[in-house]
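The listed protein sequences correspond, in order, to chains Y and R. Each number in the numbering used here corresponds to the 1-based position in the first sequence with 3 added. Each number in the numbering used here corresponds to the 1-based position in the second sequence with 3 added.
These aren't lab readings, by the way, just hints derived from the structure by calculation. Computed from a predicted model, the values in this text were never measured in an experiment. Just so you know, even glycine gets a beta-carbon here, dropped at the ideal spot from N, CA and C. Mixed in with the good hints, there may be bad ones.
Now the in silico label distances, taken between C-beta atoms and shown as ranges [what the hints assert, rightly or not]:
#1 Ala-135/R <-> Ala-25/Y: 32 to 38 angstroms
#2 Ala-288/R <-> Ala-25/Y: 43 to 49 angstroms
#3 Glu-31/R <-> Gly-232/Y: 56 to 62 angstroms
#4 Ala-132/Y <-> Lys-188/R: 55 to 61 angstroms
There are 2 protein chains.
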Amino acid sequence: MAGSFHTLRWRDGVLELLDQRALPDHVEYPVFDSARAVADAIRAMVVRGAPAIGCAAAYGVALEAQRLSAGSGEAFLAGLEQAFDVLSGSRPTAVNLFWALARVRHVLDAARGMAHAVIAERLLDEAHAIAAEDLRINQAMGHHGSALLRDGARVLTHCNAGALATAGHGTALGVIRSAIASGKKVSVIADETRPFLQGARLTAWELQQDEIPVTLIADNAAGLLMSRGEIDAVIVGADRVAANGDVANKIGTYGVAVLARRHGIPFYVACPLSTIDPKVATGAAIPIEERGAEEITGFGAVRWAPRAVRVRNPVFDVTPAELVSALITERGVVESPDYGKIARLFKD
Amino acid sequence: MAGSFHTLRWRDGVLELLDQRALPDHVEYPVFDSARAVADAIRAMVVRGAPAIGCAAAYGVALEAQRLSAGSGEAFLAGLEQAFDVLSGSRPTAVNLFWALARVRHVLDAARGMAHAVIAERLLDEAHAIAAEDLRINQAMGHHGSALLRDGARVLTHCNAGALATAGHGTALGVIRSAIASGKKVSVIADETRPFLQGARLTAWELQQDEIPVTLIADNAAGLLMSRGEIDAVIVGADRVAANGDVANKIGTYGVAVLARRHGIPFYVACPLSTIDPKVATGAAIPIEERGAEEITGFGAVRWAPRAVRVRNPVFDVTPAELVSALITERGVVESPDYGKIARLFKD
Chain Y
4 MAGSFHTLRW RDGVLELLDQ RALPDHVEYP VFDSARAVAD AIRAMVVRGA
54 PAIGCAAAYG VALEAQRLSA GSGEAFLAGL EQAFDVLSGS RPTAVNLFWA
104 LARVRHVLDA ARGMAHAVIA ERLLDEAHAI AAEDLRINQA MGHHGSALLR
154 DGARVLTHCN AGALATAGHG TALGVIRSAI ASGKKVSVIA DETRPFLQGA
204 RLTAWELQQD EIPVTLIADN AAGLLMSRGE IDAVIVGADR VAANGDVANK
254 IGTYGVAVLA RRHGIPFYVA CPLSTIDPKV ATGAAIPIEE RGAEEITGFG
304 AVRWAPRAVR VRNPVFDVTP AELVSALITE RGVVESPDYG KIARLFKD
Chain R
4 MAGSFHTLRW RDGVLELLDQ RALPDHVEYP VFDSARAVAD AIRAMVVRGA
54 PAIGCAAAYG VALEAQRLSA GSGEAFLAGL EQAFDVLSGS RPTAVNLFWA
104 LARVRHVLDA ARGMAHAVIA ERLLDEAHAI AAEDLRINQA MGHHGSALLR
154 DGARVLTHCN AGALATAGHG TALGVIRSAI ASGKKVSVIA DETRPFLQGA
204 RLTAWELQQD EIPVTLIADN AAGLLMSRGE IDAVIVGADR VAANGDVANK
254 IGTYGVAVLA RRHGIPFYVA CPLSTIDPKV ATGAAIPIEE RGAEEITGFG
304 AVRWAPRAVR VRNPVFDVTP AELVSALITE RGVVESPDYG KIARLFKD
């Protein structure tokens, strides 16, 4: 894990989450002891980032099992079903959430009939396994992806696909960490990433913690910097990748990809296999979350837009596979991803 | 002029400016009585928008002449030279500033040797003429441009090229106003326009004043809306247009133009001839202003980025002429602008 923080941690029977809404000024670890509390934390973006959401959701089911394990058999199973429901309804776009819940459900199904305490323990073991795997996978992605970056590369990233978005190391920022660990000098240009400012608040802070050189820009400045030859590569994470390689990621990613193509700059997407959704044929079928107007009319307690202005706030967009130079996965780099190459990834 | 406000107004011997930093919550008209005060107001963005900056600068020279007219001949002329210097140093990118100062200097040269009070009066007359012309020119641009918009058009705009950026009516928003006045239903999608949020603060407010339907979005959402077929045209203003048709405008304009091209959406630039700089061959020669880090690390009194983060804040970019479907000028619409077509505009 990066620096001196952890995104999520199991401790004394509860889940600690780094409250990412309080960053960069305050490093706080509120604790969560039920599925509903974890779902609320996901919805409120205490924890965010597709892989971290998946880990948190798995812990959410484990917490609920622990909480209900003293109850009757029926209440226990009904309560767990409710936990799955409330967690799967927390955010719609990132597929890791559904992937992690499916893994946990598989464990639950296999343990049916066992003592509640045993089931609760197995669910917790699975949550721990998902988090530990996520860290290993990110390190593997970092290893594969770092070969794509030359010494001295200036890498643009959008949103936060870092340790803060995962159980540790990060996806996009994991590639940068691994490249630096291999001896390359790499610097980062971080899009501030309106409206939620994950780049300004999280990526800038996370990279500072590791003393990785970072320059913060308005999202609008990416095109000018590319036109001046100041960007060598783009690496972003993903919330869901369709079977054909279309990438749903933070709103604005598509614009960055279109600009990168125009300037002949490689556009990489770092995504674990858990982010690829083979059940979704193309990006057109990925649900795009729309969030509240208050994220657009201001930030936090500050409002700058006039009252009662109409707002649209879709928070993800879809980058078509043809704009993706390569997917970086734990099983290797997939150049010019398409349906066949992605299907083979899962068969290997 | 739009609704119930005026961007700049001469009143009782001083210049009133609508303080655009206080919008949308407060409509305040501080007064300015010297060239230095006007230059400070331009630099601090009390007044902004290429045409409005030009008008304000002309009034700045007139104010200085009035202020110094009781003094000696040498002090008067030296003081006016200083006024030209301080005003021309206030912002580097918008060419209307230099264009307006050149017009005022021409009047000064022609009046050399006359009584100070007469010179001061002629300079003020010229400032009034520039402002009155700007309004007429915007109405002419609106007339020509409105033919480009179909009934029901959903028009994306970036930054504020409205009445607030001019002496009235607006350039890009003037086209929309004229289209609506001609009986068409037109609605506006306003990019919030980080970092200074002219879209959220000014365009949204200005259109509300006129009851023109407006939807505010994060700059990052433009690509998604285009990919969903929710944008029919883009109209922006300009800070300087090169002799070949390259357009310097608010940072992020270039990205919008690249996306519009990808989606086959027309990209129009509304610009008076005073915004075209025939002395600059291409956009590469247009100076791009960089402003302070505090515009990126937060907004107003709020800071959201970590302390000491490195920042880049270029506030304009250049859209190459090949991406411009048409320039809308007071002399008509110039489709696919190039060197020859622009040169002919000035010869007619």
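Taking the hints in turn, this is what the structure says about them:
1. Ala-135/R <-> Ala-25/Y: 32 to 38 angstroms: Hint violated: Cβ distance 53 angstroms, outside 32 to 38 angstroms.
2. Ala-288/R <-> Ala-25/Y: 43 to 49 angstroms: holds, 46 angstroms
3. Glu-31/R <-> Gly-232/Y: 56 to 62 angstroms: violated, 43 angstroms
4. Ala-132/Y <-> Lys-188/R: 55 to 61 angstroms: holds, 57 angstroms
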